[in-house]
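Chemist: Now for the letters of each chain:
There are 2 protein chains.
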Amino acid sequence: MNNQDLVNPDQKIISTHFDQEGYEGFASENLKSLVTALEAGQVSVVKGMLDHFRAQDIASILEQLTREERKWLFDILPKPLDAEIFAYLAVPVREEILPLLDSETLADVIRRLESDDAIDLLEDLTDGQKQEILQRVAPQARKILEEGLNYPEQSAGRLMQRELVAIPVNWTVGETIDYLRAKEDLPKDFYDFFLVDESNKPVGVVPLSRAMRNKRVVRLADIMDQDLDLIPVDMNREEVAYLFRKYALVSAPVVSDDGRLIGVITVDDVVNIIDAAAAEDLLKLGGVRASEFYRSIKQTTFSRWVWLAINLFTSIFASLIIDNFAETIQRQVALAVLMPLIASMGMNAGTQTITVAVRALAVHDLKLTNQWRFFIKELIVSLINGCVFALVAVLIAWGWFGDWIIGLVFGVAMFSTLLIAAVVGSLVPIFLERWKIDPADSSVVLVTTVTDMVAFASFLGLAYLIL
Amino acid sequence: MNNQDLVNPDQKIISTHFDQEGYEGFASENLKSLVTALEAGQVSVVKGMLDHFRAQDIASILEQLTREERKWLFDILPKPLDAEIFAYLAVPVREEILPLLDSETLADVIRRLESDDAIDLLEDLTDGQKQEILQRVAPQARKILEEGLNYPEQSAGRLMQRELVAIPVNWTVGETIDYLRAKEDLPKDFYDFFLVDESNKPVGVVPLSRAMRNKRVVRLADIMDQDLDLIPVDMNREEVAYLFRKYALVSAPVVSDDGRLIGVITVDDVVNIIDAAAAEDLLKLGGVRASEFYRSIKQTTFSRWVWLAINLFTSIFASLIIDNFAETIQRQVALAVLMPLIASMGMNAGTQTITVAVRALAVHDLKLTNQWRFFIKELIVSLINGCVFALVAVLIAWGWFGDWIIGLVFGVAMFSTLLIAAVVGSLVPIFLERWKIDPADSSVVLVTTVTDMVAFASFLGLAYLIL
Numbered sequence: 001m002n003n004q005d006l007v008n009p010d011q012k013i014i015s016t017h018f019d020q021e022g023y024e025g026f027a028s029e030n031l032k033s034l035v036t037a038l039e040a041g042q043v044s045v046v047k048g049m050l051d052h053f054r055a056q057d058i059a060s061i062l063e064q065l066t067r068e069e070r071k072w073l074f075d076i077l078p079k080p081l082d083a084e085i086f087a088y089l090a091v092p093v094r095e096e097i098l099p100l101l102d103s104e105t106l107a108d109v110i111r112r113l114e115s116d117d118a119i120d121l122l123e124d125l126t127d128g129q130k131q132e133i134l135q136r137v138a139p140q141a142r143k144i145l146e147e148g149l150n151y152p153e154q155s156a157g158r159l160m161q162r163e164l165v166a167i168p169v170n171w172t173v174g175e176t177i178d179y180l181r182a183k184e185d186l187p188k189d190f191y192d193f194f195l196v197d198e199s200n201k202p203v204g205v206v207p208l209s210r211a212m213r214n215k216r217v218v219r220l221a222d223i224m225d226q227d228l229d230l231i232p233v234d235m236n237r238e239e240v241a242y243l244f245r246k247y248a249l250v251s252a253p254v255v256s257d258d259g260r261l262i263g264v265i266t267v268d269d270v271v272n273i274i275d276a277a278a279a280e281d282l283l284k285l286g287g288v289r290a291s292e293f294y295r296s297i298k299q300t301t302f303s304r305w306v307w308l309a310i311n312l313f314t315s316i317f318a319s320l321i322i323d324n325f326a327e328t329i330q331r332q333v334a335l336a337v338l339m340p341l342i343a344s345m346g347m348n349a350g351t352q353t354i355t356v357a358v359r360a361l362a363v364h365d366l367k368l369t370n371q372w373r374f375f376i377k378e379l380i381v382s383l384i385n386g387c388v389f390a391l392v393a394v395l396i397a398w399g400w401f402g403d404w405i406i407g408l409v410f411g412v413a414m415f416s417t418l419l420i421a422a423v424v425g426s427l428v429p430i431f432l433e434r435w436k437i438d439p440a441d442s443s444v445v446l447v448t449t450v451t452d453m454v455a456f457a458s459f460l461g462l463a464y465l466i467l
Numbered sequence: 001m002n003n004q005d006l007v008n009p010d011q012k013i014i015s016t017h018f019d020q021e022g023y024e025g026f027a028s029e030n031l032k033s034l035v036t037a038l039e040a041g042q043v044s045v046v047k048g049m050l051d052h053f054r055a056q057d058i059a060s061i062l063e064q065l066t067r068e069e070r071k072w073l074f075d076i077l078p079k080p081l082d083a084e085i086f087a088y089l090a091v092p093v094r095e096e097i098l099p100l101l102d103s104e105t106l107a108d109v110i111r112r113l114e115s116d117d118a119i120d121l122l123e124d125l126t127d128g129q130k131q132e133i134l135q136r137v138a139p140q141a142r143k144i145l146e147e148g149l150n151y152p153e154q155s156a157g158r159l160m161q162r163e164l165v166a167i168p169v170n171w172t173v174g175e176t177i178d179y180l181r182a183k184e185d186l187p188k189d190f191y192d193f194f195l196v197d198e199s200n201k202p203v204g205v206v207p208l209s210r211a212m213r214n215k216r217v218v219r220l221a222d223i224m225d226q227d228l229d230l231i232p233v234d235m236n237r238e239e240v241a242y243l244f245r246k247y248a249l250v251s252a253p254v255v256s257d258d259g260r261l262i263g264v265i266t267v268d269d270v271v272n273i274i275d276a277a278a279a280e281d282l283l284k285l286g287g288v289r290a291s292e293f294y295r296s297i298k299q300t301t302f303s304r305w306v307w308l309a310i311n312l313f314t315s316i317f318a319s320l321i322i323d324n325f326a327e328t329i330q331r332q333v334a335l336a337v338l339m340p341l342i343a344s345m346g347m348n349a350g351t352q353t354i355t356v357a358v359r360a361l362a363v364h365d366l367k368l369t370n371q372w373r374f375f376i377k378e379l380i381v382s383l384i385n386g387c388v389f390a391l392v393a394v395l396i397a398w399g400w401f402g403d404w405i406i407g408l409v410f411g412v413a414m415f416s417t418l419l420i421a422a423v424v425g426s427l428v429p430i431f432l433e434r435w436k437i438d439p440a441d442s443s444v445v446l447v448t449t450v451t452d453m454v455a456f457a458s459f460l461g462l463a464y465l466i467l
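Keeping their order, the protein sequence lines are chains A and B.
Note that the first sequence ends on residue 467 in the working numbering; no numbers are left out.
Note that the second sequence ends on residue 467 in the working numbering; no numbers are left out.
Pulled out of the complex, with its shape left as it was, chain A reads as follows (with noise of 0.2 Å):
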């Protein structure tokens, strides 16, 4: 593919990044040659492939680049700047990002965003520049950024959008497609019409489909339906993520605590976040912070420094029990052969069982009523494991050193080994929940110690007795 092909304004790019066969292939080939165009300067070249990107994928190719290429292709982006692409760049990047902007511009970008993106995006400025960015947006608007920005930030009104579309309940499918077609500000999008009484409280939901089924004298309430589901303002994202996903939902009413209608979450906002938080439990339990991929080499070293810490500190307790048993594994070297097996199979062990457990109480899967039996499971499993193991460990040391009774000690620490991992790694995560401490985030470090210790301390402390 060469450039001429990019810049055939006939040519449809999205499309192409369909082709199943093609779609990473395309995506990188797009990529590289824009990579190649900018690293040549060809300015009109780069800006006629610009034109053929959507939001997002402008918002992608400048996550892709280095710093430099990224203020270069910033600068020549189309103006006035597609707002869309603040709302879908990482973190780091638009922070970056951000400050090559002017103060009109930004304000611009914010005006032309949607309530739920613009608070995002405003978020990430110091106090000062929000304040003279708000001074510069419609006194209205002005208003629900304000708003916005005095919820919690992981809360349900930061999420939701302020532009919705509320019928009163007591009007007709024709009443409300008149009202649409008059109407000017209306939502880009919306998929429901919520039905209010006077006093603004939601009564009912009627899908836009079912709407346009139905002949112009019916009345809404005739159809709506009233099983709603509403979310309070202050309730987490990651629970309104939960409750989308549960059931089914693509948008869903927001009220205040008297229980006004307040704002919307449509589905589409609600994706990234069942995304995140299924990729921040994986992040947490791999001992990184999440999302650093675009975090730059000096965040990246701290924020993994302090687990490297903690694990170093609390893996010197495990040697600790190593060094009380000195002279026995200077008797019998065979042991200090074997520990490292023994530690390898506990880690892995209450890696598996803590990840179950993290997983199905981050999705609800494991609440209050199915704790015991959780736990039970893991306990038979670990049993079944550890006899299997056990064995298969005499067997290791018999072979190895030719020691019945090595290898009789080696299988009874891998036993309880196995043991203790599935103990310690099915309640450490059920009651870090309980007491609201994250699980994803210190179950590892506690449940690899205290299984080191057991490990060490049951294989030595029993060599030192038989041997």
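Hints in this document: simulated from the structure, not taken from any laboratory.
Computed from a predicted structure; not experimentally measured.
Treat the hints loosely; a few may be bogus.
Because identical chains cannot be distinguished in the list, a pair is counted as satisfied if it fits within a single copy or across any two copies.
List time: in silico DSBU-like cross-link candidates among lysine-lysine, alpha-carbon distance up to 35 Å [said to hold, decoys possible]:
| id | residue 1 | residue 2 |
| --- | --- | --- |
| 1 | Lys47 | Lys298 |
| 2 | Lys47 | Lys143 |
| 3 | Lys143 | Lys79 |
| 4 | Lys377 | Lys79 |
| 5 | Lys188 | Lys246 |
| 6 | Lys201 | Lys188 |
| 7 | Lys183 | Lys130 |
| 8 | Lys47 | Lys79 |
Please arrange chain B on chain A, whose structure you already have, making use of the hints.
Modeler: Positioned in the frame of chain A, the structure of chain B alone reads:
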């Protein structure tokens, strides 16, 4: 809360679910009341409570119960069965319940489900059962189901609904509304009109909200978007989910090889896949098979067993290295005390890098264009942290054993271990992905094995040379 509250037909249990403060608490309370009533065998009380739950809630409740309770509850569910329950049940639980249904009930459930859910359910049955059920379905629906079953299991073809609203591109808003009002068998919910030409190829899309805001005489062709996100029927469903998330799609048309419109995928079908894709990486990195929470003890034991066995096997390589230096350890037992510290740090650093890489690969942040940059970044981070922790290591070993030489050896080993963890931890996932092996599945075992071996070899080898 007592059961009386729950059977009161005026009470809206579902909206109470959304009460922030008590969401989890209430759900559990509710469930506990149900379990109490179940245990007391109060059929009428339980039945009264069941009327107030939605299909998703009934599915959750069935999942939470023991095998016996589940069978009992299932028997007293209101008939005819709410087909949707089967669309929401976790697969292992569904597999357990399906044999309880006779063919006619099952055929009835299949008839009432949307095609994508029906195909998903049919897939759980044996070929014989499948044929028997399909015979009981009307010919037209049967044809759709049979076609669906022919698409690859993870493909867009399985995910799509065949029920869609395709409108000839030359129609007006008024014609479309009249068609909707007259037509009987439309999908329950839809959000977009897909416009097709005479050969049934999609040429544009009009969101329902836009159609509603235009006058009856307006031609759909004049208000349609031509930038269509066409999904090829054989696209992998994780790729579909990624595209929905990236481009904030609500629905997208699925096309056959020759470009004809054959189905539609809506965002609610995709939400669960987005969650499942991220969760699968989480579980695999933790050494467990996807979604084993509701699997039987037998299945769980076996799936855990596989990874533990692989881990035991690979750990033996590290032990072999230690065995090579048995005499050195016997001479200087401090080495045995410090060994686990290095192994644990290498493991931790390796896991951090793997986790970032696996996640970035999954969401296409890590591509051919920036792999080299990712590797360099990981290298620099590990060089910095390597220096920091080498220094700490020297101090620990010196403080503990009062021996500068051991400290030095320990420090050098710590540095090389963190370095190798970053190198292997970043390269292994990238190359596995390139070779089409799932990096979430195999990276951890490969990387820890190499890291452990390098850790022990550098530590003990250096000690052998110097001490």
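Chemist: Now, for every hint given, state plainly whether the structure supports it.
Modeler: For each hint, the structure was consulted:
For the homomeric pair Lys47 and Lys298, the shortest alpha-carbon distance inside one copy (33 Å) is at most 35 Å, but the shortest distance between copies (60 Å) is not. In the homo-oligomer, the alpha carbons of Lys47 and Lys143 never lie at most 35 Å apart, since the shortest distance is 37 Å inside one protomer and 49 Å across protomers. Taking CA atoms no more than 35 Å apart as the test, Lys143 paired with Lys79 passes inside one copy only; the shortest distance there is 27 Å, against 52 Å between copies. In this assembly of identical chains, Lys377 and Lys79 lie within 35 Å of each other by CA distance solely across copies; the values are 33 Å between and 60 Å within a copy.
For the homomeric pair Lys188 and Lys246, the shortest alpha-carbon distances inside one copy (26 Å) and between copies (18 Å) are both at most 35 Å. In this assembly of identical chains, Lys201 and Lys188 lie within 35 Å of each other by CA distance both inside one copy and across copies; the values are 23 Å within and 26 Å between. In the homo-oligomer, the alpha carbons of Lys183 and Lys130 lie at most 35 Å apart inside one protomer (31 Å), although the nearest pairing across protomers, at 52 Å, exceeds that limit. Taking the closest pair of Cα atoms, Lys47 and Lys79 come within 35 Å of each other only inside a single copy of the chain (11 Å); across copies the shortest separation is 63 Å, beyond that limit.
The structure fails to meet hint 2 from the earlier list, while all remaining hints are met.
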